[in-house]
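**Student:** Residues per chain are reported as follows:
4 protein chains.
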Amino acid sequence: MTMSPHDEMNNLTMSEKAKPLLDAVVKHIRDNCDPALEEYERLGANRAERWGYGEGQLEILEGLKNKAKEAGLWNFFLPNAETGEGLSNLDYAFIAAELGKNPLASQSMNCSAPDTGNMEVLERVGTPEQKEQWLKPLLAGEIRSAFAMTEPDVASSDARNVGTRAVLENGEWVINGEKYYISGAGDPRCKIMITMVKTSPDAEPFRQQSQILVPIDTPGVEIVGPMCVFGHDDAPHGHMQIRFKDVRVPESNMLWGEGRGFEISQLRLGPGRIHHCMRSIGAAEKALDLMIARGLSREAFGKKIIDLGKNMETISRSRIEIEACRLMVLKAAKAMDVLGNKEARVWVSMVKAMVPEKACKIIDDAMQVHGATGVSQWSPLSGMYTKQRTLRLADGPDEVHHAVVARAEVKDFRNSNDRQAAMADATNRGSRMFDGP
Amino acid sequence: MTMSPHDEMNNLTMSEKAKPLLDAVVKHIRDNCDPALEEYERLGANRAERWGYGEGQLEILEGLKNKAKEAGLWNFFLPNAETGEGLSNLDYAFIAAELGKNPLASQSMNCSAPDTGNMEVLERVGTPEQKEQWLKPLLAGEIRSAFAMTEPDVASSDARNVGTRAVLENGEWVINGEKYYISGAGDPRCKIMITMVKTSPDAEPFRQQSQILVPIDTPGVEIVGPMCVFGHDDAPHGHMQIRFKDVRVPESNMLWGEGRGFEISQLRLGPGRIHHCMRSIGAAEKALDLMIARGLSREAFGKKIIDLGKNMETISRSRIEIEACRLMVLKAAKAMDVLGNKEARVWVSMVKAMVPEKACKIIDDAMQVHGATGVSQWSPLSGMYTKQRTLRLADGPDEVHHAVVARAEVKDFRNSNDRQAAMADATNRGSRMFDGP
Amino acid sequence: MTMSPHDEMNNLTMSEKAKPLLDAVVKHIRDNCDPALEEYERLGANRAERWGYGEGQLEILEGLKNKAKEAGLWNFFLPNAETGEGLSNLDYAFIAAELGKNPLASQSMNCSAPDTGNMEVLERVGTPEQKEQWLKPLLAGEIRSAFAMTEPDVASSDARNVGTRAVLENGEWVINGEKYYISGAGDPRCKIMITMVKTSPDAEPFRQQSQILVPIDTPGVEIVGPMCVFGHDDAPHGHMQIRFKDVRVPESNMLWGEGRGFEISQLRLGPGRIHHCMRSIGAAEKALDLMIARGLSREAFGKKIIDLGKNMETISRSRIEIEACRLMVLKAAKAMDVLGNKEARVWVSMVKAMVPEKACKIIDDAMQVHGATGVSQWSPLSGMYTKQRTLRLADGPDEVHHAVVARAEVKDFRNSNDRQAAMADATNRGSRMFDGP
Amino acid sequence: MTMSPHDEMNNLTMSEKAKPLLDAVVKHIRDNCDPALEEYERLGANRAERWGYGEGQLEILEGLKNKAKEAGLWNFFLPNAETGEGLSNLDYAFIAAELGKNPLASQSMNCSAPDTGNMEVLERVGTPEQKEQWLKPLLAGEIRSAFAMTEPDVASSDARNVGTRAVLENGEWVINGEKYYISGAGDPRCKIMITMVKTSPDAEPFRQQSQILVPIDTPGVEIVGPMCVFGHDDAPHGHMQIRFKDVRVPESNMLWGEGRGFEISQLRLGPGRIHHCMRSIGAAEKALDLMIARGLSREAFGKKIIDLGKNMETISRSRIEIEACRLMVLKAAKAMDVLGNKEARVWVSMVKAMVPEKACKIIDDAMQVHGATGVSQWSPLSGMYTKQRTLRLADGPDEVHHAVVARAEVKDFRNSNDRQAAMADATNRGSRMFDGP
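From first to last, the protein sequence lines are chains A, B, C and D. Residues are numbered in my numbering as their position in the first sequence, beginning at 1, plus a constant of 2. Residues are numbered in my numbering as their position in the second sequence, beginning at 1, plus a constant of 2. Residues are numbered in my numbering as their position in the third sequence, beginning at 1, plus a constant of 2. Residues are numbered in my numbering as their position in the fourth sequence, beginning at 1, plus a constant of 2.
Hints may contain errors.
Heads up, the list lumps identical chains together, so a pair's fine if it works in one copy or across two of them.
[To be verified] Dumping the calculated DMTMM-like pairs for lysine to aspartate or glutamate here, alpha-carbon to alpha-carbon at most 25 Å: (1) K21 <-> E10; (2) K312 <-> E301; (3) K21 <-> D9; (4) K363 <-> E315; (5) K29 <-> D9; (6) K312 <-> E359; (7) K103 <-> D420; (8) K200 <-> E301; (9) K305 <-> D366; (10) K312 <-> D160; (11) K312 <-> D291; (12) K413 <-> D309.
These are computed hints drawn from the structure, not numbers from a lab.
With these hints in hand, go ahead and build the complete structure from the sequences.
**Tutor:** And the structure:
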């Protein structure tokens, strides 16, 4: 895992080619999304149905999507140069940092999670029929989608535990089981779920799972209700609890082939993770700005709050960790570009285990500087905190990613004659070793 | 302090030009320094004088120096392309990482602290006479030097507190005061000290100090004895306590001009800091390897120690922090190259406050995995720990560097209309803000 | 602050006298409150008015209150032996630990915050008329009350910042200002607010404030709406934002005398703080149990989750901190008994700064062990977290309490010849000091 | 592990009976030990032999011992009322806190480690002959002793790993193996080692080990040299590396019986652990005083250092943790009194895992406030740090004690119907649980 100095992985600059795209994205957000946001949120607040959109909201969204398409800002997230822009992950990381600044930005350019990952999977492994039926409307921004993986009854951090069963009967997969925290399945536009199921219980552990397309309106699919995050239901997007009771889909809905569920998961690693991490950094930046702004604006005990106690050191530590996180995320993006997703997965796990945890700390510190206002509805901090805290559990809890990193490190050590040889000398009963490096 | 994506500061690759030099350094250490080390240390252990060298030690050193000169590996640390190699700080950072792997390496190539900083200062601000008398033998590796700054009677973290007085009398500076932790002043080859003194108590605060050349054998210079670090005197290099009692040096020994002491200090920021931080990272890497090697080699309670409790997570966290520190140090080096030392000082403070603290944590964790052996003479860990712990106090304690970073951050916030404008909205009594980024 | 070994402050056992009361409280909760809870909550969930009670809820409460009165479990919190039980703070601490186990318990025995503190204040400093009008119905459990202190416009952690003005005009205090996070003011039964106001801006800093009785239905009192905690409004209790616009109350509503606002605050320190801290410990205990229960019930990677990674160490650290917190709270309670509230305030600040922070950590760790369920509505953990997190800001943020403790410590050091004398020797240039204690 | 409120375990006051003894100990240290210390250390510094005593040192010690005997301050550590004072562990804890204040105190009253533990073991399980030969001179203070347990070749944290073999041949135990960190074995007065050996490799795991008396001058006992702690050899006490090569001792040197090595270890838990922990607290108190003294005595950036940055909060946190640690140690001592050593072992593990770690943090913070002086020989801090750091590894590393605590906690949970029943409700898909305690 050590770095060679000449290594191209150390070049973390955006490509020249991607610059115009970034500039166009910035312009689109500033000129189109920013002015639309307040009205959009007002319409949403007054909506009649909790699990629907307010009158006029979707019209605003469609308008933004048209403007994005006109500006050529559509589906650029796709790594495939034909359908998308062929952006490198590193280039996309810089763009993702901008997307996080306006909640309408991603959707307006058709690059919201979990659609991005789903489209990527369909493009790579979908059959022509699957592409026609699901990828096409997704690429067109006509429907939305979900990814149904986590289950309430087992520790889903170990994906082998997935227990929702799919059994082939008369040319149909019959699915029974329960999923929860299915993000986006509350949206009325969500039409299709890529669903992780156990098809082959007798195969070897990593060949038992499959991914299968389940239209959300299939009989037997019951959306039980929203799962909350710190008591919030995140409507109308939602993180839904869903039961599958004798749900039948055609055999042809299988993705890539029975038993390839884990392989497909490897493909999803890409832009999504980097996107999330860049948003965590954006949140940490915002928390730091809030901390400073609040610290400068209030006085207590004869001083500005920012000058009391450890607050200045907290600001410094926050800045240092933000910069360290940013460089690590860029490095992970570059690693995906250079090494491919599989080899780069250790870098991805490093940032996944590192960034949300540090973001939580920074947001929490900012809350403390705010006093009671910090936990109130007048400040975005508590909402930001719960999002980052949840990220430490989603897509594998921190512990799973630390395990990936640690195992890779130990394996690297075992495989490295140099590292082992140096250690053979290092703990040595004969020599006086006090003056180490 | 935020980063533009196209910024050349994000390119952390070594230059093509420096590659051959790096390769030559690696080869020199492997072929010349490594084979010489054991004998060198054995001779040192048996030396007669604690504050001298054992018979044959200096011969070994001179031999290595000759080999380095032959290979063109001499004084390359100097940023000036005429005397040195004109290496960028980033290039030097990669080389410094190699230097840390053998304790003879730096000296053999004439790039040991504090000589490097002293030579840099003399080259930039020395008079022709000063260069002739002191820079020339330093560049030739014939003598060594010290930098006398810290004082026992005041909080030297605030350099304005420096109290050693120099008064001009009859064309001579008469110096009275006391310094401590003057590293390298125990070495019999040390001939000259660049000494921070107060010459101008009535000037404005940052114009009161000067730096002045004091030959170590000047009458009135009393080397009281070594200051210890966790009980160790680090002989024969040493961190000496030195009293100045009516020490008289010619007026011409003043560097650059009376009252320019602080300005000169700015010049010292360069390669030295980066060098130290890369060595801290080297120490952390070594500690991680020791942790893994030990964890794999012992068993308790039916498992390898590495598989007990939190040890694997500790390994992951260590790897993550090492990579984050490395990227930050490279970024700081690049910042010096792109922005100049003055503008880059915030980056330098960031890594100075970050890296030794994290290295301490990693070494401490490695110690814990080793059990009693971890604090014993059989392991380098306790010596490594004391070095890194001391670095958190040397060259400005962590707190001073955090203050630099925090003040810069607040200043940047105050100067940024964008950052302030965003905050004006963020804490807003009217709107529902729970769903932050 | 050091402890004498024979000191009665070290005896942390409950008094014999209080045992029967504790037993009766436990019995009342088990026999009366526990069976009533489910129905009470069901009725609440279906209530028509967010800021009211469901049909039948208050009847359940009144029934429980009657049973408590019959069992002699009424107003025992009052330190005065005539009105209450004359319980020591230590005795009350043990009882408070039981109260935390059922959300109906405190109210059923008339010892809910903030009524307890308000009654205590009224009993000690109220005029006969004030007692007749407000204390009597409070003691009878007929009305509820609030304490209006914190303001949105200033850093209320420095109580001198309180800016709500009260001006005496024609025998009436005319009040203008704004308060927020006024807990309990959402309850329709809340009739009276003890309100901190600035009456005497020209007096010395700690004599400018007064506390005054403001009936909640006084014209000019506008309850703007609820302040949220992590997006929750805690209805119908509520933490309300309240504006005072030319609110007029009789001159006789002043408590104790103009300018004595700070003095009165000292009186409130008692049972309330201890009560809160014992409930924090109860929450931490529950989180630990949840952590263990979850860890035992799920498997991943071939092991029970409890046996993965650092989970067992986390359990140990949680248990250790819980026991340390409990002993500290008992000690603080005992200190109030032995030293009086004023002298014991350093102990109270110690536990206030210590306990909620540690409870947050333990709850957060429990959440992580639960995976996504930990942040969901299926687990009480996220609600418990937000409560404890908010306690780090309420009644003085941690930082204010740390400042109290630190200033007392430094003062104690300055006043102690022994401590200073020992230090005179300790940093000593002459002696070899490596072998400290 | 939860606490009953009436529990006598909550009474942490010293017994009336022990007060006069405490007073006499304080008087003896002040009147006899304190005045003798400087001369004793001077004589030691000038001693000819590193592993011996300076001329006159032992005479000073013997004089102090006679004075202690005259004052009846001899062997009071023994829990047996006939030989010792029959002190409770709690009483002893308060006395131990005093012993830590002068390095001569313990020895002058014959209660130094490891002699105390060895005497306790001999008194409880020694044969009349063993007592006559070894306990008698130990009780008389004529000889000293060591406890040989830890081995360099295995993870001794798992005592089953002990590999030094003892084989019975012709009525003699023949011992082969290697031990290290045998504290006190460097002292010329050390005559006997209680040695943990493997006698019965075929027995069940906890019956394989035995403890056996090995006179240090037995042929085949080779004291290889001192093990260092952060580079220090702690001469002449020393922590020695010892090889056993065909060491033969009579069969009658076995303690208590073959295979009872673990049982004997349980007996050692008593005063020794509490003594260590009270000294850790003493060290933390001293570090806090040093922190304050230094912070008050120096200025930087226009303020006293104590008022810069987070220093005041650090002082508060240190005080809070010290008080928490003290209460926990007293509680553990009381638990030993009330529950017996075996049942109290979880409390002992709690304080062993808690106290040295917290002491390290406090000392480290004090060091940072001192700047370079903090790591120098002018301050006791670095020596104090290394002692506390080593305690985190000695007598079982923190991890082993956390494992003891965690396993007991989980067992308690499994055995408690109440705890389990409460949890059955707590994670419940049906109910809305956000408003937890």
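**Student:** All hints, please: hold or fail.
**Tutor:** Hint check:
no.: 1; hint: K21 <-> E10; result: both (19 Å within a copy, 13 Å between copies)
no.: 2; hint: K312 <-> E301; result: both (15 Å within a copy, 18 Å between copies)
no.: 3; hint: K21 <-> D9; result: both (23 Å within a copy, 11 Å between copies)
no.: 4; hint: K363 <-> E315; result: both (14 Å within a copy, 18 Å between copies)
no.: 5; hint: K29 <-> D9; result: between (34 Å within a copy, 19 Å between copies)
no.: 6; hint: K312 <-> E359; result: both (21 Å within a copy, 16 Å between copies)
no.: 7; hint: K103 <-> D420; result: between (46 Å within a copy, 13 Å between copies)
no.: 8; hint: K200 <-> E301; result: between (60 Å within a copy, 17 Å between copies)
no.: 9; hint: K305 <-> D366; result: within (22 Å within a copy, 29 Å between copies)
no.: 10; hint: K312 <-> D160; result: between (40 Å within a copy, 17 Å between copies)
no.: 11; hint: K312 <-> D291; result: both (17 Å within a copy, 21 Å between copies)
no.: 12; hint: K413 <-> D309; result: between (47 Å within a copy, 14 Å between copies)
The structure agrees with every numbered hint stated previously.
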